[in-house]
Amino acid sequence: MSTLDNWYPYLAIVFVMVSVVLTRASYWLFGHLVPLPDNVRSALRYAPVAGLVAIIVPEIMPWEAGIGPVFDLKLIAALLSIVLFQVTRNAVVLIIGGTVALWILRTWLG
Amino acid sequence: MSGLKATRPGLIALSIWGIVTGVAMVKSGLTEHASIAMSLLVYAGSAQLTSLPLIAAGAPLWLIFAIGCIVNLRFLIFGAALHPFFQSMSWPKRLLLGYLTVDITFVAFMPKFADSHNKGSTEQRWFYLASAVSCWIVWQLTSLIGIALGSIVPASWSLGFSAILALLAMVLPLIKTRPMMISVFAAGATAWLGQPLPMKLGLLLAVIAGIASGMWAEHVVKNGGKGTA
Numbered sequence: 001m002s003t004l005d006n007w008y009p010y011l012a013i014v015f016v017m018v019s020v021v022l023t024r025a026s027y028w029l030f031g032h033l034v035p036l037p038d039n040v041r042s043a044l045r046y047a048p049v050a051g052l053v054a055i056i057v058p059e060i061m062p063w064e065a066g067i068g069p070v071f072d073l074k075l076i077a078a079l080l081s082i083v084l085f086q087v088t089r090n091a092v093v094l095i096i097g098g099t100v101a102l103w104i105l106r107t108w109l110g
Numbered sequence: 001m002s003g004l005k006a007t008r009p010g011l012i013a014l015s016i017w018g019i020v021t022g023v024a025m026v027k028s029g030l031t032e033h034a035s036i037a038m039s040l041l042v043y044a045g046s047a048q049l050t051s052l053p054l055i056a057a058g059a060p061l062w063l064i065f066a067i068g069c070i071v072n073l074r075f076l077i078f079g080a081a082l083h084p085f086f087q088s089m090s091w092p093k094r095l096l097l098g099y100l101t102v103d104i105t106f107v108a109f110m111p112k113f114a115d116s117h118n119k120g121s122t123e124q125r126w127f128y129l130a131s132a133v134s135c136w137i138v139w140q141l142t143s144l145i146g147i148a149l150g151s152i153v154p155a156s157w158s159l160g161f162s163a164i165l166a167l168l169a170m171v172l173p174l175i176k177t178r179p180m181m182i183s184v185f186a187a188g189a190t191a192w193l194g195q196p197l198p199m200k201l202g203l204l205l206a207v208i209a210g211i212a213s214g215m216w217a218e219h220v221v222k223n224g225g226k227g228t229a
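If you read the protein sequences in the order shown, they are chains P and V. Note that my numbering numbers the first sequence so that position 29 is 29, with each residue one more than the last. Note that my numbering numbers the second sequence so that position 37 is 37, with each residue one more than the last.
No lab work stands behind these hints, which were simulated from the structure alone. Be aware that a few hints might be false.
Stated by the list, open to error - Partner residues are not named here, just some residues of chain P that face chain V (Cβ under 8 Å, in silico):
| hint | residue |
| --- | --- |
| 1 | Asn6 |
| 2 | Tyr27 |
| 3 | Pro37 |
| 4 | Ile56 |
| 5 | Val70 |
| 6 | Ile82 |
Idealized CB from N, CA, C, for every residue including glycine.
Using the sequences and the hints, build the whole thing.
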């Protein structure tokens with residue numbers, strides 16, 4: 001906790017802010033100078049999704065140091081929420097349904 | 001004020017998102033001060049939510065920066081599409097409007113004006129500004145509510161998990177083509193296997209695997225099996 005209370009999170013926040021400003025505004029400012037070729041466009045389509053998946057997977061399918069892969073009930077809850085989304089196509093249902101599912105699973109099985 | 005009207009359906013989703021992000025920031029260990037600063041300065045749900053596990057793990061700042069850039073790369077495509085409408089404005093205005101661009105504003109704006117011959121009219125710019133500002137206000141208010149909730153609600157309610165589900169809700173609608181499916185699978189497998197690597201390097205490898213496999217699959221689909229083994 002002590003590191004989180006000091007300068008590190010604020011520095012991290014500034015770094016994230018700069019990344020957001022760079023990606024959002026760069027084309028608005030310099031778009032007339034830089035054309036966007038088709039293969040770059042296609043790479044740009046896959047990168048954000050891959051980045052999001054790379055954050056999600058270790059959260060629901062974690063490895064523990066020195067042990068290797070461990071099972072977490074979050075995986076079941078996440079799979080249930082995916083099914084809910086496929087049925088309803090509603091992001092709010094996914095978020096609330098998955099959260100409640102984990103809560104129930106942890107209460108009964110945890 | 002047609003900009004407000006077109007944005008309204010998105011504002012409900014944005015509200016839920018804001019609350020979830022607000023709660024997630026506090027639950028990840030950020031102080032209320034830091035959470036408010038993040039909400040005001042960063043103003044980007046996906047970048048905020050992806051950076052939280054990294055900040056909680058004490059990941060190096062360059063990696064947090066890199067991942068922030070990666071999840072926001074879609075805005076380069078948005079920027080390329082929006083550029084013709086705003087290129088004659090002064091650069092501080094373009095910087096501000098570009099920074100305020102969120103998915104909902106883009107989605108409200110493009111179908112309405114993409115085919116218009118006169119790109120850059122006053123009507124279009126007011127529409128954009130009204131949409132962007134209303135998103136900003138709703139996001140900041142609901143984030144504050146989330147930050148307040150996060151300090152009250154006990155950890156056993158597993159609301160931190162809601163943030164991961166919010167990211168999942170962002171990914172699923174984007175998996176529409178087979179190349180995207182292959183890209184997601186490759187990125188996911190790499191991210192899972194790469195967890196023992198130091199400094200969260202598995203994250204960057206997963207992004208590279210996702211891009212490479214997606215582009216490869218696109219290439220194979222385009223050639224329709226002609227000659228490719």
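Hint by hint, here is what the structure shows:
Given hint, P/Asn6 at the interface with chain V, is violated; its Cβ is 10 Å from that chain's nearest Cβ, farther than 8 Å. The interface hint given for P/Tyr27 holds, since its Cβ lies 3 Å from the closest Cβ of chain V, which is under the 8 Å cut-off. Residue-level restraint check for P/Pro37 is violated (minimum Cβ-Cβ distance to chain V is 11 Å; threshold 8 Å). A cut of 8 Å between beta carbons decides the hint on P/Ile56: the least distance to chain V is about 5 Å, and the hint holds.
Here the hint on P/Val70 is broken, as its CB sits about 10 Å from the closest CB of chain V, past 8 Å. Hint status for P/Ile82: holds, given a least beta-carbon distance of 7 Å to chain V, under 8 Å.
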